[in-house]
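Asker: Taken in sequence, the protein lines are chains P and A. Under the numbering used here, read the first sequence as residues 155 to 641, first letter to last. Under the numbering used here, read the second sequence as residues 148 to 815, first letter to last.
No lab work stands behind these hints, which were simulated from the structure alone. Do not rely on the hints blindly, as some may be mistaken.
Calculated pairs, BS3-like style, for lysine-lysine (alpha carbon to alpha carbon, straight line, at most 27 Å) [claimed, not checked]:
id : chain 1 : residue 1 : chain 2 : residue 2
1  : A       : Lys256    : A       : Lys614
2  : A       : Lys307    : P       : Lys594
3  : A       : Lys256    : P       : Lys527
4  : A       : Lys315    : P       : Lys594
As the structure is a computational prediction, the values presented were derived from the model and not from experiment.
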Amino acid sequence: MLTLALVLMVVIPAVGGVLAGAFKGASSRGAAVTAAAATAALAAWATATVYGGAHAAAVGDMPWLGGPAATPVVGVLLDPLGSILLLVVTVIGLLTVVYSTRYLGMDNRDHRVPPTEHPRYYFWLLLFLASMVGVAISPNFLQLFFFWELTTVCSWALISYYRNEKSLAAGFKALVVTQVGGVFFLVALLILFARTGSFEFGALALLPDRLRLVVFVLLLLAAWAKAAQVPFHTWLPEAMEAPTPISAYLHAAAMVKAGVFLMARSVSSGWAMPVEVGMVMGAMAVLTLFIALTYYFVQDDLKRLLAYSTIAHLGYVLLGISLGALGSTVGFRGGVLHIICHGFAKATLFLCVGAIAYVTGSRSISALGGLAKTMPLTAAAFFVGVLAATGVPPFSCFWSKFMILSGAVQLGGAIGPVLLVLVLLESLIAFSWMVYVGQKVFFGERTPVACVNSDPPPAMSGVLVALMIGCLLAPAVGIPLVQWIGR
Amino acid sequence: MTSALLLQTCVLLLLGGALVSLACARNRALAGWVSVAFVAAACVPLARVVVNVFAGVAEGETVLLALPALPARLTVHVDALSAFFLVLTGVIALLSTLFSVRYMEHFEKDTVAKFYPVLLVFFASMVALLVVTDMLFFLVFWELMTLSSFFLVIFERERKDSQRAGLKYFVITHAATLCMIAGTLVLWRQAGSFSFAALQDSLGVLLAERAVVAHLVLFLFFVGFATKAGVLPMGDWLPDAHPAAPSGVSAALSGVLVKLGIYGLIRVFCSFLPVSAASDTWGVVLALAGTVSLFVGTLTALRQTDSKRLMAFHTIGQIGYICLGLGVGVACLRTSPTIAALALLGALFHAANHACFKACLFLGAGAVLHRTGERDMDRLGGLAASMPVTASSTTVAALSISGVPPFNGFTSKWLIVAACILGGLQHPLFLVLGLVGMFISLVTLASFLKVLGAVFMGARDESRSVKEVPLSMALPQVVLAALCVLLGVFPRLPLGVLRDAVASAVRIEVPGADALLGTGFGLGLTAGGLALAFWAPLVVVLALALGGALAYAIQRAGAAKVREVPVWTCGELDSAAAVRYPASSFYLPFKHAFAGIYPALHARVPQFPAALRRAFNVDTWLYRPVVRAVDGLARGVSRSHVGVPQVYLLWIAVGAVVVVAVMLALTR
Chain P
155 MLTLALVLMV
165 VIPAVGGVLA
175 GAFKGASSRG
185 AAVTAAAATA
195 ALAAWATATV
205 YGGAHAAAVG
215 DMPWLGGPAA
225 TPVVGVLLDP
235 LGSILLLVVT
245 VIGLLTVVYS
255 TRYLGMDNRD
265 HRVPPTEHPR
275 YYFWLLLFLA
285 SMVGVAISPN
295 FLQLFFFWEL
305 TTVCSWALIS
315 YYRNEKSLAA
325 GFKALVVTQV
335 GGVFFLVALL
345 ILFARTGSFE
355 FGALALLPDR
365 LRLVVFVLLL
375 LAAWAKAAQV
385 PFHTWLPEAM
395 EAPTPISAYL
405 HAAAMVKAGV
415 FLMARSVSSG
425 WAMPVEVGMV
435 MGAMAVLTLF
445 IALTYYFVQD
455 DLKRLLAYST
465 IAHLGYVLLG
475 ISLGALGSTV
485 GFRGGVLHII
495 CHGFAKATLF
505 LCVGAIAYVT
515 GSRSISALGG
525 LAKTMPLTAA
535 AFFVGVLAAT
545 GVPPFSCFWS
555 KFMILSGAVQ
565 LGGAIGPVLL
575 VLVLLESLIA
585 FSWMVYVGQK
595 VFFGERTPVA
605 CVNSDPPPAM
615 SGVLVALMIG
625 CLLAPAVGIP
635 LVQWIGR
Chain A
148 MTSALLLQTC
158 VLLLLGGALV
168 SLACARNRAL
178 AGWVSVAFVA
188 AACVPLARVV
198 VNVFAGVAEG
208 ETVLLALPAL
218 PARLTVHVDA
228 LSAFFLVLTG
238 VIALLSTLFS
248 VRYMEHFEKD
258 TVAKFYPVLL
268 VFFASMVALL
278 VVTDMLFFLV
288 FWELMTLSSF
298 FLVIFERERK
308 DSQRAGLKYF
318 VITHAATLCM
328 IAGTLVLWRQ
338 AGSFSFAALQ
348 DSLGVLLAER
358 AVVAHLVLFL
368 FFVGFATKAG
378 VLPMGDWLPD
388 AHPAAPSGVS
398 AALSGVLVKL
408 GIYGLIRVFC
418 SFLPVSAASD
428 TWGVVLALAG
438 TVSLFVGTLT
448 ALRQTDSKRL
458 MAFHTIGQIG
468 YICLGLGVGV
478 ACLRTSPTIA
488 ALALLGALFH
498 AANHACFKAC
508 LFLGAGAVLH
518 RTGERDMDRL
528 GGLAASMPVT
538 ASSTTVAALS
548 ISGVPPFNGF
558 TSKWLIVAAC
568 ILGGLQHPLF
578 LVLGLVGMFI
588 SLVTLASFLK
598 VLGAVFMGAR
608 DESRSVKEVP
618 LSMALPQVVL
628 AALCVLLGVF
638 PRLPLGVLRD
648 AVASAVRIEV
658 PGADALLGTG
668 FGLGLTAGGL
678 ALAFWAPLVV
688 VLALALGGAL
698 AYAIQRAGAA
708 KVREVPVWTC
718 GELDSAAAVR
728 YPASSFYLPF
738 KHAFAGIYPA
748 LHARVPQFPA
758 ALRRAFNVDT
768 WLYRPVVRAV
778 DGLARGVSRS
788 HVGVPQVYLL
798 WIAVGAVVVV
808 AVMLALTR
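Next up, chain P with everything else stripped away, as it sits in the complex:
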C-alpha cells in the first residue's frame, strides 16, 4: 500500500504533466493543480504513516545490473531524511502550481504570457515535481542519479521558458554547470559499482579508505555544482531569468536542495565520510556564506539578491551536514531541518517578489518604495519571509540555525567558537541588509512605479498566506522528523 503510494507520487505528477501539456486553458491548469494536490496529499499521508521509522521496498529489478551483491536496482525508500525533502517538494510544489495559475497570464505586468504557452510550462513543472519526488524516495545512488539528471533537464527547460536571448543563455549555463556536477556524480557511481558491485547508499562505507576519499570528493563536487556552492555558484543568479514561481520552487526550495540532499544521504548512510572531506565541506560552506554576503550590497534586482541569499543558505545546510560528518548529530539534524525551514522562508520571499513584479512590473529595489500601503499582505509576507530566512525566532530558520550552531559548539576545540562567531556575524549582516531592503521597498514614500496597484489576486495571496503559516510551522513538522535521524 505504502509502496504503491510512493510509486504513485512519481507517476501522478508525471502523468499530470503530460495531460497538462496536452490540454489547453483551464483544463490544463486543472490537471496540473489536481496532480500536484494529489501528490502533496499522498506525501503527507506517507510521511505520517512512516513517521518514526523507514519504509523500503523493491519495485523492479535489472538483473544485468545486479552485480555480485544482487540487490534490486529499482525501488522506493522513505525515511525521515527523505520525508523532509518529500514534504518540501510536494507542499511547496503544490503552492507553486496554484500560484502559477494566476501568475502566468496576460495580467502579469512583468511578463505577459499568452495562453498558448501555458501547457508547456505545466508539463515541465510537473515533470520536475515527479523527478524531485523520485530523488527524495530513491533507495540507491543509481536511481537517485537518474532523477537528479531529470531535474537538471527540467531546470534547463524552465529557466529558458521565456525563450529570449538572456534566458536561453542562462538556461544553457545552468545546464552546463549542473551537468558537469552530474559527470562527477556519475564517475563516483561507477567507482562505487566497480568496487563494491552495488549502488546502495550503505555501500559507501564498504569502500577502502583512499577510494572512499575520492568518491566522497566527487560526490561533494556534484553537490556543490547542483547546490550552487562556491566555486560553482555563478549559475544560480543568472537562473533568475526564469519565471518567478520557478525561481521560488526550483532555485530556492527544491532543485538546489537535491545537491545538499545527496550530501546528507552520503553522510548519513554509514557515517563514513572521511574527516578531511567533512572539514573541506564545512570550510567551503563558510566561505560560501561570506562570498554570497558580499554580493548582497550591490544587487538592485530583488530576485538576484534572493538568489545570493539562497546560495548562502545552502551553505548553511552543507555546514550542518559537515558537522554531522565530523561527529555532531545535532548539527546534522540542524542542517537537514534547514532544508525545510529555508524552503518555506525562501519560497515566501520569492513569491512576494513575484507578486510585486506581477502588479508593478518591476523588481528593482531602487525603483520600488512604499508598497506596504497598497500591498499590505505582500508586505507582511515579505517581512515574515525575511525574519524566517535570517533566523529571527520564532520563525523557521532560527530553529535550524540554532541546531547547526549547537552542533558546532558541541564539537568543541577551536572549531566551535570560530563557527559560532562567523555564523552569527553572517546572520547579523544578512539580517540587517534584508530588513533594510524590506523597509526600502515597502515603507517610505511611494515611488511612481509603486503607485497603481493592490495585492495580487486571491490565488496568489492565498499561497502567500499559506507560506507565512509554513514559515511559522515548518520547524514544528521538521523537528519531530529530524530527531529520528542519527547514529
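Please build the complex by placing chain A on the supplied structure of chain P, with the hints as guidance.
Answerer: Below, chain A alone, put in the same frame as chain P:
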C-alpha cells in the same frame, strides 16, 4: 487552576485578542476597545498567578513542550521575581492599551491592523518570557518581543526617521540577542540542557575550571541584556526608537520592555552567577555602567527640546539608577547580605517606580501631542489651563522622577543612595557613584522643571484652542500619578513584596523585611542592630501640608496683592506666545559645558572592495576562458572538416594505419 494553566489562558487571550482585533480592524474604535477588553481579561489570570506566588503557594516547574532533539523543554515556573515583573507588564499593558484607543485617532490614514494585533502579541511575548525557565524558549520569546516592538516603532512607516529608528533598534538589539545565543550555547555545551537550573550549575563549574570562558559568557549576557535595558553605550537605540513609536507604545517600551533587560541582568548576575569574587567584579562593572548611563543620559536629556526624546534620554538615566543599585547589590552579596538586599530592593523598587512615572510622562507627552500635534517644546506653552489633568499628572510624575519627597522616586533613590553609601564603607568607589547619583537627581529635576515650564506654564498660544484629552486617555495618567503618590507615601507594603522577589532572585539568605526595613513607623534601615537611616513619608507629607497651609494662611492674613504685568518687549508688538521663554533657552551654560558628552555616529552601508568581488566572480576569470578555449579547440578541429570526400577518405586511411600500428605495438 495551576499557574501554568492560568498563564496559558492569559497568553492565549492576548493572542486571541490579536486575531480578533485584526479581524475587526476596519472599525478603528471597535478594534481598540476589543483589544482593551482582551488585555483586561488577560490581566485576570495574570493577577491570580501573582497573588498565588506572593501568597506563598508553592508550585513546581510545569513542562508544556519537549524538544528531545536538542534537548530543550518549554518549562513554566513563576517565582517572586517573575511575578513582580508580571505585575509591571500587566498594569502598563492595560493602561497603555486603554490610552491608545483614542490616541490612535491621531493617525487617520494608517490602518490599526498594524497596531493592535502587534501590540497584543508584544504583551503576550513579554508575559511568556517572564515565566519560562528554559533559555532556548526564553530567547524565542525575547526575540518575539523585539520583533513585535520593532513593528510598533515603525508604525509611522512613511517617515524616514521612524524607519531609521526602527532599523537601528532592531539591528542593535538583534545583535545583542545573538550575543546571548552565543553565551547560551557555550553554557549549554557544559550543561547539556537549556534549563535555568542546569545553566546556573554549568556557569559555576565553568567559573571554577575555565574562568576566562565564564567571564566571556557573562560579558555576552551583560551586553545582551544591557542593550535591551538601554544602558549606554549599547542603549543608543533608545532615544531614537522610543519617540518614534506611538505614545502608548513608548510608555510600554519605557515602562516594561527596558525593565525586562533588568530582569535578565538580575537573573544572570544574581541567580546564575555564584556568590564569589566574580560577583564582586561584575557588581562593580554593573554599577559603573549604570553610573555612566545615568550621568550621560540625564545630562543629554537636559539638552533636548523634543519632549518624547527628552523622556527617552531620562529612561537611559533612570535605568542607570536601577543598574547602579543592582551593581552595588551584586558586589555586596558576598560581604554584606544586608546591604546587598537593600541595594537590590532599591533597584527593583526603582524599576517599579520608573514604570509608573515614565509611563505617565510618556502618556502625558502623548496627550499633548494628541491635542496640539507638537513634540517640539519650543512651540508649546501655557497648556496647564486647558489641560489641567494632564498638567497635574505630569507634574506629579516629573517630581517623582526627580526624586522629590514624598513621591515614590524619592524612596527608591533613597534606598539606592543609602546602599551606595553603606557599600562605600567597603568599597569607596560606591560612595563616589552614590554622590554622582545624587547630583544627577538634581539635573533630572532641572530638566523636568524645563518641561513643566515650557509646556504647561507661560503664555498660552491664543491662535489655537486646546482641550483636555478624553477620559480614556486621562484615566491612565491619573492612575499612574496616583500610584506615584501611593507608592511614595506607603512604601512599606510594596517593599515587603519586593523583599520576596529579591529573596527568590539571589543565592544567599536574605534578611526578612522587618530586619531590613525596621518594624516601626516608616522605613528604618538597620544593620547589625544599628539604626542607620530613617524615612517616614507620612510625617513629611503632614509637615509639608502644614507648611503649605501656614503659608496660605499668612498670605491670606497679610492680604498681599498680586500684580500682573505683561512682558516688556522693548515696545515691539508680539503675541504673548511668541515671546515666552522657550525650552531651548534653559540651562545654556550647562549645554555648552557638556556639548560633546553624547557623540553622534553615523553608520554607512559597507563597501566591499570591487576587486574582491571580481575575484569571487569565477565566471570572468575561469569559466568563460575555459569555455572560449574549448570553443576555439572545437573550431580548430572543425576546420579539418573541409567537405571534400577524398580528404575524409584520407583521414580514414590514416586513422586505420594508426589503429593497426597501435594494435601491433600492444600485442607484440
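Asker: Does each hint hold? Answer for all of them.
Answerer: Each hint, compared with the structure:
1. Lys256(A) / Lys614(A): holds (23 Å)
2. Lys307(A) / Lys594(P): The hint holds at about 10 Å.
3. Lys256(A) / Lys527(P): Status holds; Cα separation ~10 Å.
4. Lys315(A) / Lys594(P): The given pair, whose Cα atoms are some 14 Å apart, holds under the 27 Å limit.
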